[in-house]
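Build the full structure now, drawing on both the sequences and the hints.
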Amino acid sequence: MFHHHKMQLVGGLIAFLMIFTFVAMQVVNTSPAHAATSQFRGVNWADTRDNFVNGPVIPSGLSTSDSYATTYAKATAILKGFQTNLGANTVRFGINVQTVSSSWWNSYIAAFDAASALGMNVMICPWAVPGANGLMTDSMTAFYNMWDTVINKYLSNSKIYFEIFNEPWGYSATAWTNFAAAYLAHYPNVPRGRIVVAGAYSDGDLGPVGSDSRLNGTLLSLHLYSVFGITHTTEAAWIAELNTHLAGYASRAIITEFGVPMTTGVNYNGPRDGDNNISYLYALTDTAHNLGIGTIYWPGLRNGDSFSMESLNGSGTNLYLTNNNASGLDRLKYGYGLTSGGGSTPTPTPTSGGNYYKLVNRNSGKDLDVSSASTADGGTVVQWTDNGGTNQQWSMVKVP
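Just so it is clear: in the sequence shown, position 350 is 350 by this note's numbering, and no numbers are missing.
Among the hints, erroneous ones may be present.
Unchecked claim - Think about it this way: if two alpha-carbon atoms lie no more than 25 Å apart in a straight line, the pair counts; the simulated BS3-like pairs of lysine-lysine are:
| id | residue 1 | residue 2 |
| --- | --- | --- |
| 1 | K80 | K153 |
| 2 | K80 | K333 |
| 3 | K159 | K80 |
| 4 | K159 | K333 |
These are computed hints drawn from the structure, not numbers from a lab. Keep in mind it's a predicted model, so treat the numbers as computed, not measured.
Have a look at this one:
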C-alpha cells in the first residue's frame, strides 16, 4: 500500500510540474507583445551635456563644425560599434526646436541617414529645454514647424519612427493625451505604427495613453529607472513594479529608457536578489525577453556618463567603441532576445541539508509551495515568495 501511494505522489507531482511548465511556457509564448515591439533592440545616443540642452542636441562624438560627409563617416563608425558590440538595431536620437532650425540640422541628419543605410531603426524624439518642467515651452507653431521638417524629410523611410515628446511630466494625464491626440490629427498621413507616444507622467504610466482610443495603433514609450526613488531588492518586486507601469499594454510598449551604472565594476550576472540595481536589471531584461518587449538602453553612448554601455575611442572619423561592462552587456543581449542564457540563470542547486531543490517560476520569480505547509492528502500547491521553508523544497525520487 505504501509503495502504491508513493507512486501516486511522485506521478502526481511530475504530472503537475509538466502541466505547470506547459502553462508557464504558453503564457510566455502566446504574449501579444512579442510580435509588436521585439523588433526594437536599441540604445540611446546622447549629447554629452544630456539631451536637455539650450541649443542644438549634439550626440557624443559629433560636432556642429562637421559637414554632412564627416558626420556620416563618424556616425557610421559609431553605429557599426553598436551593431557589432551590442547587437543593436535601433538608435534613439534627441532633437529640439533649436536643433532643427539651426545649420547643424543639415549635418545632423547624416547620422539618421547612416543608421538607415545600415538597416537600423531610427527613433527621433524632441526633448524639453532646461527649466521647462517637462513642458513644450516653444510655441505650438514652432513645435509643428520642427516636426514638419522631420516628417517631410523622412515620411517615406519606413525605418524612421517619430516620438512625439520626451518625458512630458509637466502635463496631467488628460492634458498629455489631448496633446498626443492633437499631434495625430495634425499628421494623419503618418502611419500610426511609426508614432511613439510617451507614457503619462514622464513616460512612467502607460495606462492613460494605452486606454485612450484616440491613440489606438501607436507605440507606447516607457521609462523606468532604479535611481529615482523606487527601490526593491528582489527581482520579483521589480517585475511587479514594471508590470504596474506597463498597465496591461505590454503589447504596444517599448522601454525607451532604462539603465544602471556600467563603469563601476558591478557584476550584473550576480545574485538576482539583494541589490536594487542588479534586481532591477534582471527584472527589466527578463521581462523584455519573456514578453518580447522592445528595449532602448540609456545610454548606449554618452561621454562622461557612468551608465553608458560603450566608451568612445579614436579621433577624427577613425572612431570605435569598447564595452564598459561585460555582465551588463550579457543582460542587455538577453533582454534583446539575442541569447538564451540570461546571464546567471543558475542551474538548480540543492538546499542546505540534503538533496532538495527549489522550483522557481521564470516569469514571477516565486517558488513552488505547498500551501500552509500542509502534509495532508489533497494539499494545495501554489507559487509563493521564497521563505526558506521545507514546504518549498522538493526532490526527485526514483521509483523502484
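The hints, checked one at a time:
1. Of the supplied pair hints, the one linking K80 and K153 holds, its CA atoms being roughly 24 Å apart against a limit of 25 Å.
2. Between K80 and K333, the direct Cα distance comes to roughly 16 Å. Compliance with the 25 Å bound is thereby established for this hinted pair.
3. For the proposed pair K159 and K80, the alpha carbon gap of about 17 Å is at most 25 Å, so the pair holds.
4. Pair hint K159 plus K333 holds up; C-alpha atoms about 21 Å apart against a cutoff of 25 Å.
Going through the hint list in order, the structure satisfies each hint without exception.
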